[in-house]
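Novice: Read off the chains here:
There are 4 protein chains.
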Amino acid sequence: MADNSFGTRFILTTFGESHGEKIGGIIDGCPPDILLDLEKIQAELDRRRPGQSAIVSQRKEKDQVIFLSGIFEGRTTGTPIAFFIDNENKKSKDYDHLKDYFRPSHADYTYFKKYGNRDYRGGGRSSARETACRVVGGALAKQLIRPVEIYAYVSSVGDIVLEKNYKELDLSSIDANIVRCPDEPTAIRMQELIKEVKKEGDTIGGVVSCVIKNVPVGIGSPVFNRLEAQLAKAMLSIPAVKGFEFGSGFEGSKMRGSDHNDYFNEDGSTKTNYSGGIQGGISNGMDIYFRVAFKPVATLLKPQEMLSVDGTLKIVEGRGRHDACVLPRAVPVVDAMAALVLADFML
Amino acid sequence: MADNSFGTRFILTTFGESHGEKIGGIIDGCPPDILLDLEKIQAELDRRRPGQSAIVSQRKEKDQVIFLSGIFEGRTTGTPIAFFIDNENKKSKDYDHLKDYFRPSHADYTYFKKYGNRDYRGGGRSSARETACRVVGGALAKQLIRPVEIYAYVSSVGDIVLEKNYKELDLSSIDANIVRCPDEPTAIRMQELIKEVKKEGDTIGGVVSCVIKNVPVGIGSPVFNRLEAQLAKAMLSIPAVKGFEFGSGFEGSKMRGSDHNDYFNEDGSTKTNYSGGIQGGISNGMDIYFRVAFKPVATLLKPQEMLSVDGTLKIVEGRGRHDACVLPRAVPVVDAMAALVLADFML
Amino acid sequence: MADNSFGTRFILTTFGESHGEKIGGIIDGCPPDILLDLEKIQAELDRRRPGQSAIVSQRKEKDQVIFLSGIFEGRTTGTPIAFFIDNENKKSKDYDHLKDYFRPSHADYTYFKKYGNRDYRGGGRSSARETACRVVGGALAKQLIRPVEIYAYVSSVGDIVLEKNYKELDLSSIDANIVRCPDEPTAIRMQELIKEVKKEGDTIGGVVSCVIKNVPVGIGSPVFNRLEAQLAKAMLSIPAVKGFEFGSGFEGSKMRGSDHNDYFNEDGSTKTNYSGGIQGGISNGMDIYFRVAFKPVATLLKPQEMLSVDGTLKIVEGRGRHDACVLPRAVPVVDAMAALVLADFML
Amino acid sequence: MADNSFGTRFILTTFGESHGEKIGGIIDGCPPDILLDLEKIQAELDRRRPGQSAIVSQRKEKDQVIFLSGIFEGRTTGTPIAFFIDNENKKSKDYDHLKDYFRPSHADYTYFKKYGNRDYRGGGRSSARETACRVVGGALAKQLIRPVEIYAYVSSVGDIVLEKNYKELDLSSIDANIVRCPDEPTAIRMQELIKEVKKEGDTIGGVVSCVIKNVPVGIGSPVFNRLEAQLAKAMLSIPAVKGFEFGSGFEGSKMRGSDHNDYFNEDGSTKTNYSGGIQGGISNGMDIYFRVAFKPVATLLKPQEMLSVDGTLKIVEGRGRHDACVLPRAVPVVDAMAALVLADFML
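Residue numbers (the working numbering), protein chains in the order written: chain E, 1 to 347; chain G, 1 to 347; chain Z, 1 to 347; chain P, 1 to 347.
So here's chain E without its partners, still in its complex pose (with noise of 0.2 Å):
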């Protein structure tokens, strides 16, 4: 199967192994005269960047997005957007004690048995260096979906959970610590957490909660490309995602229906929102908001018993500069993605 693009109309095709020279793609289905803020693109990239911040990986790259066609004078021109990242830091040497092994509950193994080879230098295209694309991809869509808008923050790490909902944060604080957790005091104790665990060598999972602000009434479709569909889609589609829910989610199977129903005000807003902005496939014109669960990385600095290719299991030592927690820097791609599916749906 070509697996390479996303969208039926609005469409990213994207390119390029972890440690190949280049990662890129190409954005097809963009309107004509659209004037694109390339700043702010490249900001989303550089939230999703290694080595911003302590908690992070420590890998060195600029990850500078150049764009090769489709704008000209700052605007769309309705042309293929292609566009391609350098890969700088692509020391293969961190990997080669891995040439021979596969590692546990990662896609090496899987991989190979199906393509017959694989990049054991940092996983091909199974690799999260792959989003940095869908970030260029999602940063531009959201220029095209306006007003809309799309709030992703990292809600858990480990069992610290964020109690609070949505309405009663800050969202335009998000950025306001290295975490991306709109709380302080949150913040600081996943911070804490996520450096034990680094310390450690081990790696901890999380969950990105997502508001999306400002849809109007009628995006979706009622029967297999409903609007929660698609975003589920998308979220799985993010390595090391486990789970997606919107709205009441697993909890609101408890519930009974007079308690989970929404009562209509009389301009068709509702009094409570426990659909999650989305009734029959389409959206309410209430927020839409959805949680997104991660698992801890697989990749430890730990020794670990790993399966050699020859079906021998061996202890090997862990290397490399890999993320202890990877929540902080999926904020971005949870961001981008949420915005191919509304553009693929409202251009």
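Careful: at least some of the hints might be erroneous.
Identical copies go unnamed one by one, so any copy, or any two together, can satisfy a pair.
To be verified - Computed cross-link-like contacts, BS3-like style, restricted to lysine-lysine with a CA-CA straight-line distance of at most 25 Å:
1) 62 / 22
2) 271 / 302
3) 62 / 302
4) 22 / 40
No lab work stands behind these hints: they were computed from the structure. Note that the structure is predicted; figures quoted are calculated from it, not measured.
We have chain E already, so just place chains G, Z and P on it with the hints.
Specialist: Same frame as chain E, now just chains G, Z and P:
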């Protein structure tokens, strides 16, 4: 967006409104010369049929599937397989009282806002009646992907939760009770809860769990069309679904990598299976398992406040023959969507 | 390859074999609230029907289209429109003598080699019977793209060629004669030729010309999905078609640029129209016109040498009720495919 | 319509304007572990390059293709193959005189009407420069569909027609002369005609013929995605193409069935090949052959009347370095598109 097809190589297209004369569909992409067991397809439809037990909707519909093409002497010919099902019980007067009202948490409102019309007599295309066609497509798909086996079952209703994991259950006994929970004591408690909720004119949500066995290593794709992404889309396209998680799911987000990683056996299988049978978007040969959250049905038999078309609020009596709990009838739909996803990858 | 759908936004999916019980299809992507003239759709089917005149196949089929969904009180609802047509005249014994033989220049052989089966009783999916479903889809599409007008007509049969170009013809008189050539003297000669050929048990090819008026400027796309590319695909997907040319066509390849260029009037229209209404893949507002070449039907009433399934050659008598010339009945099919292409771009 | 991809399983997506910095593309759906001959791909590009001979445009562009991903140690990895080509010779001042004018029979006008902008400096995406990317994709595709062999050649220029059919020609000598007509005496006359036309500042059309050998029986589909339909779409998507015919083509429409039918040999091959290697949309193992008509290039070096943006007509001088006849350079593009169609069916 043309929204009525699922799949890119094995494609199900459905048609029909809940109160039209027929519903049905076309299955395209089926290989030739496969001997079909048409009775098994009907048997799956019977599992979804209303009126099958005391705890589901008492509407009476035989739901007999008629195949029109693509099958000759019991074998597929490689041409499109069209089918239909008569709508025998379209008592639209049951819905007359809703003609001028939008029900809370129902697709009525969003559908009307999007299309400028609505079928108040039971939801049109957003009605769960459409899922009967998915069951036909999925039951047929299952016969094409042998030896894959799919087992969906009810694992919670409201706050009654089946505490055993799927390895502790006898998956051959799913249909041994009318709730489709393969643990008799739990099933009895669920049944009592549903009856109690029904008596109150209320509804209740729950969770369907699903296990897929015998999926060969290598099914799926590493970037956008990950196996888990397609499963998530498929599940979230079922009416009333609020969430999807696979493998360790949301609980996994609390874990450390050293606990969460699935260490290998020498044959490539793994000692644990937090991964849920999928790594990097591709099956690893272990059991695939996931959970799907259903909200409580929005249509109550209790009086509820509704929004009239002219923008006023009014308490409207409930009427009709609805499900107090869709979970037992949702089981074959989850089965079917899983089969459609796998057939699209495997054929 | 799932092969039974045409279009990406306005999608027709067809099903059915020539000797099954029914043929039919699903139209997806139709906007809501459009008042349809269903009699006009039936009238287009009647133009394609066998038995309509002395010069076409004398098979008797009413070809009555029945709509099952997507239309309420004469208006589209925005949901998929399913329809079927009964196969009333499936005298498969007409074909018994062909059971073990591959006819020359017929899909029998390739179909068998590809699928390992074949429907000797009239060609299965490769039978022109399938085009009845295209006529339904196309006739409906026509009603969605007003004020576009499509006029297909027979412009040659064998070596009898209509020498006038479309501007010299009265396009409202296409159905004034049974050949569908809007020039009475030429039509009479064509009719005589068809009768003569028929008497000999032979068949004859010809050309259908088509003019599309009132296409707004800007329909189409500049790279792969050029308007002319989609028209070419649509026409070459009709059974028995061997060629397509638009505007100046093959003759234009002999010209110099200074003669071929269409010089502008001040309002953007052009003085000549060698371009055939399309420049750079996009309509320019002038009439679109093209020609479609049909080979003579392969099935003869004369004895012909055939290949048996066991690899020997044998003279086999012809039998059945075939068209000596498909051109008159191909006219509504060309109309329909043109309408499907335009609807896919314009909706 | 997102328009910049061709294919559904083997997909080429292209980007770039003729006067931007780079053009390029992404090839998705390539199987892993195929040894590529990258020099052969460059060699095909060289066949399309301007400046290669006295009879084509004298623009100087090296057209060196650079691959960015998807190839490791000369072998495909199964991941997307991205590539680019520098635009070295973007002298946009050559086009300054056209800034306010629409050229006759050129995409200028329709493009502007559709997108509200245009790239007067050479046509933007409607420029034939884009076809360089198709040559890269097609040349790579050719290496994946061995032993299929594709031979395109020039069979007419203006009224100079190569009278021999492809069986009378030495197809290995297509590149023996700069016109790419594998019959020396005809090639010389064509060359003279092109020089004469060029001297006059005029342009001339022609026909490219193409033969495809060694296609296995069974490639294609019987309904909408017929092999001939996809070839027709592919060819009509090439700039300046006005017609496509395969096998007996338009001439075949004059024949009787008893003359046109291809009678079998005992091995399933046929004595004649009016069918052109395709029956019922599916290859029959015989040679596939077709003809593609190209109009004369619209851009002349003669003065021509143009339409100004403000709606007045004016004689404008010709300037620039255009092809008097695109046929020799169109040969590798026809080759490439045929290869892309076959790869999409065969992989």
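Novice: All hints, please: hold or fail.
Specialist: Cross-check of the supplied hints:
no.	hint	verdict
1	62 / 22	both (12 Å within a copy, 22 Å between copies)
2	271 / 302	between (50 Å within a copy, 19 Å between copies)
3	62 / 302	neither (28 Å within a copy, 51 Å between copies)
4	22 / 40	both (21 Å within a copy, 24 Å between copies)
This entry does not satisfy hint 3, going by the numbered hints stated previously; all others are met.
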